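Note that the protein sequences, when read in sequence, are chains C and G. Here my numbering = 1-based position in the first sequence + 26. Here my numbering = 1-based position in the second sequence + 29.
In short, the hints are calculated from the structure, not lab data. Computed from a predicted model, the values in this text were never measured in an experiment. The beta carbon of each residue, even a glycine, is placed where N, CA and C say it ideally should be. Hints may contain errors.
Covered, in the sense of this in silico footprint (three residues per stretch, anywhere, with C-beta under 8 Å from a C-beta of chain G), are these stretches of chain C [claimed, not checked]:
| id | stretch |
| --- | --- |
| 1 | 40-54 |
| 2 | 122-128 |
| 3 | 273-281 |
| 4 | 375-386 |
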Amino acid sequence: MHDDLTTKISFRENLSNIKNLISYIYKIDKYSYFLPALRILLNTINSAVSLVLTADILEMLYQGSPIKEIARPVILLLALTFLLNMAASVLQEEFINPRRTNVKRIYDGNLAAKFQQMDYSLVDSPYVKKLQERIEKDNNWGSGLNNLFWDFDAIVKGICNFFCSLIIALPLLKIIIASQSWLMYLGLVLLILLLYLLTRNAAKAEAAFTQLLLNDYLEQYPLEMQKEYTSLIWVWLSRCLGGEYEFIKDIHLYDGLDLMNKYTSENRREQEKVMPWAAARGKLSGRQGLLEGVTGSFIILAGYLISAGYALIGAFPIGSTIKFAGSISNIMESLQSIDSNYRSLSLTARKQASTLEMLNICDEMYKGKLPVEKRMDHKYEIEFRNVSFQYPGTQGYALKNLSLKLRIGERMAIVGMNGSGKTTMIKLLCRLYDPQEGEILLNGVDIRKFAQDEYIKLFSVVFQDFKLLSLPLGQNVASSTEVDTTLAAETLRQAGLTKRLQQLPKGLNTFLYQDIMDDGVEISGGEAQKIAIARALYKDAPFVLLDEPTASLDPLSEYEIYSGFDAMVGNKTAIYISHRLSSCRFCNDIAVFHEGSLVQRGSHEELLRDEKGKYYELWNAQAQYYT
Amino acid sequence: MKEEHKPHYSILSNILYFHKYAYREYPRLAFYHLTLIVCDSMLPFFMLIMPGIILEMVVQGNLWKGLGIIAAAGLPMILSRSLLLQFTWKTYFWENTLRTVMLGDAILKGMKCLYKYVEYGEEKKISKRAYQSMTAGDAAISYQMLGLPRRLLINIICFILYSTVLSILNPWLVALMIVLSLLNYAILKLRNKWELALKEEFAQSNREINYLNKTFQDPHMSKDIRIFSMNNWLMQFRHMMFQKRVKLEKKNNRKRILTDFLQQILSFLRNGFAYGYLISAVLQGELSASSFLVYFGAITGFSSFVTGIVNLYSSLKAQNIEASYYRAHMELPEINNSGMVPQEVFRQPAEIEFRDVSFSYGNQKVYEHFNLFIHPGEKVALLGVNGAGKTTLVKLLCGLYEPNEGKIFINGVDTSTLPKRTLYDLFSIVFQESTILPYPVGCNLSFKRLSETDEERAWTALREAGLEKTLREKGVGLDTFMTKAAFDDGLTLSGGQTQRFLLARALYKNGNILILDEPTSALDPIAESEIYEEYVNISKGRTSLFISHRLASTKFSDRILYLENGKIIEEGTHEELIALGGSYAHMYKIQSHYYTETPCNLNSLEA
C-alpha cells in the first residue's frame, strides 16, 4: 500500500550490518553472548521439562493413580525448577548483567573517545559532523545496544525453544506415521499448511513495517520541514542541556517567543498533518500489530485443537494433550519469533551502523615515526615554505603561499584583520591540519615525518576558544592526574591567580564548574583565561603560542599578563596573536597577515614607517583614540 | 543537591497532569489506553481457562459441542490479543509524537519564564532536569507516566479476577496467597531498600560518566585535548570511573542474587503447596482433573500480579520525582505582562534612575544601595575590571533581573510596575555573547516570522550596520537560512560580521535606549574603529550605555562611570578623570602608554 515509502534495503546489507555489529561487540567481550545463551538454554530446558512432567502428572490424575506415584514427578519438577532458576539467576546477576553493562559502557566510551583520537582535520570535517548528526538521530529512540542484546536473546531463545519442542513433539510424529491412517496424515499436512499461511501473512505485515522504520533512518524523506524542525529543536535542546541559556535573554528582549513557537511546537504539529509517513506509520503499525495478534492466538488455539483432535480419536492419552499442544504452538511461535527478531535485529544493526562507521574511521594524515631531538637549549627552528591551505569543504585559500621562518628564542607577533589566516597558521604549525601545498620544517625536516605525540610536546597553545574541564584545578593545569603542586601553584601565580587560589577551600583539588561535583567553583571568563595560560606555562614547551589570550580580560589583568609575559616565556620561542596592537610592542618581530598571505614583516618602528602598509592602517585605527 | 529544593507533587496529581496533557494533544490516546487496559487484563484470564476447557472437551469426547466451546472461549482471546498488539504499537507511536510536543513545550516554557530562572538559582536545576527527563529515549518521563499507571491498573484488575477464581475453590486460598505474596513483597522491599541506599552513588557515577562522554565528544575540546595530550589523562579518569562503577554494580548484584534466592524458596513452597492441595482435591473428587491446570495456573500466576503491583508502584514512585521536575518547570511563574503603561515612559530621549538598588545572586551580593542618574540623551561609558558588575547593571536596567531592594525609574516611571514586554521594548541591546539563530536572516533581525518582518527596515538596519553590501554580494536574501545547523548552504558570518549583524538587530528594533556590552572584543582594529563610528551615529538623540574594555570607547562618551565591587567609585568626563588621577587614569595609562609613547620613541629614534 505505501510502496512509495518503502524502498528495499537488501538482505545482504542487513546481514552485513548485523555481522559488523555482532563482531564488534564480540571483540569487546565474547562472553556477553555465550553466557546469556547458556542461561537461555537452562530456561528452555526448564520449561520443556515442566511441560513434560505436568503432562505426566495430569495423566496420572486422570487415571487416578495413588498419591505416592504422583508425588515423584511433582517433587522432581519442584526441585528442578528451583535449581535451574537459581542457576539462571546467578548467571544473570553475577555474570551477564555486569558484563553487558560494561560492554555498553565501553562501546559508548569508545565512540566518545574516538572523537579525540582521530585526526583533528577529521573532527572538523563535514563528513564527521554529518555522521555525528546521524548517530544522534539514530539513537534518538530505541534503547541502543540493549536492543542488540534483546534481539540476540530472543533469537537464541527461539532456536532453543524450537529444538526442545521438536524433541517433545517427536512421539506425536511417530504416532502419526505409525498409524498409517489417512486422517492422521491429513491432520499433519493441514498443520504444516496452517503454520505456513499464518506466519507468512504476519511476516509480510511486519516486514513492511520494519521497512518503514528502517527508512526513517535512511532519511528517505528529506522534507525541508522535517529537517528544519528536527535540527532546530535539537539545537535548542543541546544548548539548554549544555547549560548555555544565555541565548534566552535575546528571546526575551526581542520578543522572539512567537518565532520560537513557529520553529518548535507549531512545526511539530504541522508536520503530523502534512507528512505522509506519519500517517502511514500509524496505520502500518496498527496493521502489523493486528496480524501479529491474530497469528499468535491462532497458533496457540491450533496447537490445542490439533492435539485435542488427535486425543479425541485416541491417538494418545488425554494428559499428553497438554504436552503436544504446548510443543506444537512452541514450534510455530519460535519460528515466528526468530523471523520477527531477525527483522528487529536488522533495525538495531542499521541504527548502530552509523556508530560503527565512526568507530572505524581511519586517520588520513601521514603518521611519521621520527623522534624529536630533545634540546635543553630550545634551539628549534621552524620554517614555513610555500605553504597553502584550504579548509575542507570551503572555497578559497585560508593561507596562500606562506613562507616564514621563526627566529629561535624570539617573540613574534602576528597581526591582521579577522579572517586573515592567523589562527590557521597556528593550527598548521601544531599539525592539527596538513597543508595542501608546501611544507613546514622543524630544523630542516618536514614535520610530517615526526611522531605526532612527540612533535606536539614542543607547543604550548592558548587558543581563542580554549576549554577547561570540570575536573580539579590542579589537574586542569597539569593536564594529567599527576600534578606537580609546586609547579602548578607557581604557574597560576604567574598567570595572576594566586589570590583566587588562596580563596579556594580545596586549593588545587577544587573542581572547576559544577558538572561533576556540587562543590565545584564557578569561574569567570577572565579567570578561565588565566588558568588556560597557567596550563600553557606548566607544559613548559619550547614554543608558546598565544591566540588572543587576553580578549576577555580587563585592562588591568591584561597588563599583568603582558608585563609578566617576557619572564613567563623565558628563552622560548613565542608567537602572539592579538587584536590589541599595543601587545605587539613586546615583540621585536611583527608579521602582518592579509587575506591569507604574509604582507609585511619587521619591527614596530620599521612597519610604522610604511604609511601605505596594512600595519600602519591597523595601528592608527586603534591608536587614534589614545592620542 | 539539597533536599528542600526538590519539587514535589503527589503521584496521583502527576498521573492526572500527564494524562490530561496527552488527551488534550491527542484525544485518540484515551481510546487507545482504554482498549489496552481492557484487552491486557482480559487476556491472561482467557489464557488461564483455555486449557481447562479444552481438556474437559477431550474428556467428554463430544467433538461438536467441544468445538463450539473452543470458539466461544477462543474468539475473545483472539480478539483481545489482536487488539492488544495493534494498539500497543499505535500507542507507542502517538506517545512518541507526544514526547516531542511536550519537549518542545518545555523548551518554549523556559523562554517564557523570568529570565533569572535560566541563569542562576535552583530553578535552573529544575529546568535542566526537566529537559533531561524528556530526552531519555524510550525511558522518557512521558512514556513512564502514561505507561506505569496503566500497567498498574491492569495488574490490579488481574489480581481481582484471579482472586475471584481462587475463592470459588476455597476462599482461604486467597487469604493464603495474599500472605505469600506479602512475604514476596517484603523481599522486594528489602531489595528496593538496598538499591535505594546505592542510588546517590549511582547518580554520581552516571554524572561523571556522562560528563566525560560529553567532553570527549565536544568538538570545542578537540584542539586543547590534542595540544596538551590530554587523552591519557582523560582515559585514566575514565578508567577510574569505570572501575568505581563496576564495584558499585557488583555490590548491587550480590544483593540481587540473595533476594532472588529468597524469592525462589518462596515460590518453591508456594508451588509445593499448590500441587499438594490441588492433587489431593482431585483425588478426593472435589475437583475435576481438567480444572487442575486452571487452578494451578491461578495460584502460580497470582503472585506475579501482586509482585507486579508492588514493582510498578515503586517505579512509579521513582519516576514521580522526574515527573515533578517536568511539572515544576512547566509551572514556573511566567513573566508578568500586565499593568498600566504611562505614556511618559516612551518619552525620547529617556531618563534613567537607579534609586537605592540592592541585588544579589543567591548569597553573592553585587549591588548594595546603589544610586545612579542618567540624563536624557546622555552617552555613558561603563568601565571596571572583570566581575565589577557591569553586565549585571545592564540586566537590572532592562528588566532581565529584578532588584532585591530599591527601584529603577525610566522617565520617572517605576519599571517594576511596567509590563515586562513594554520594558523590554524600550531597549536595543547588543550583548557580549548574543546568538545567531539557525533561522532566516529576516527572522534573525526581527525575531519575528518572516511574514512579519519589515523588509525595508531590515535592509536599512543592515546598511547602517555596514553589512548590506557584504550580504548583497553573497546573494543573500532575508529568507536565506543562517548557520549550517539546518541547511548545509546556510549563511555563516565571520566574527566581525556577526558583531555588525547584532548591531543591525539592535537597530532594527529601534529601542529608545541603546546599550552595547563589549561589542568589539572579537574585532580587528579596523572593524573596531568602524563600530565606534557607527556607534556615534546611531546613538544620536538616544540615551546610551557603552561597556568596553577598550578605553578608546570613552572618548565619545559624555560621562564615564568607573565601577568597582558594585559601587561607582569615579565618574566624570575623560578629561576630568584623567585629572583626578584615580583608578580610571591608571587603567587608561596602562592601556594607552604603548600607543602614546610610541610617537615619542619614534621621534627620538629618528632624531
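Given coverage of the stretch 40-54 of chain C by chain G, tested with a Cβ cutoff of 8 Å and a minimum of 3 residues: violated (count 0)
8 Å C-beta test of the stretch 273-281 of chain C against chain G, three or more residues: holds (count 9)
Check of the stretch 122-128 of chain C against chain G for coverage (Cβ-Cβ below 8 Å, three residues minimum): holds (count 4)
Verdict on chain G covering the stretch 375-386 of chain C, where coverage means 3 or more residues with a C-beta closer than 8 Å: Coverage by chain G is violated here, the residue count being 0 at a Cβ distance below 8 Å.
Hints 1, 4, counting from the list given before, are not met by this structure.
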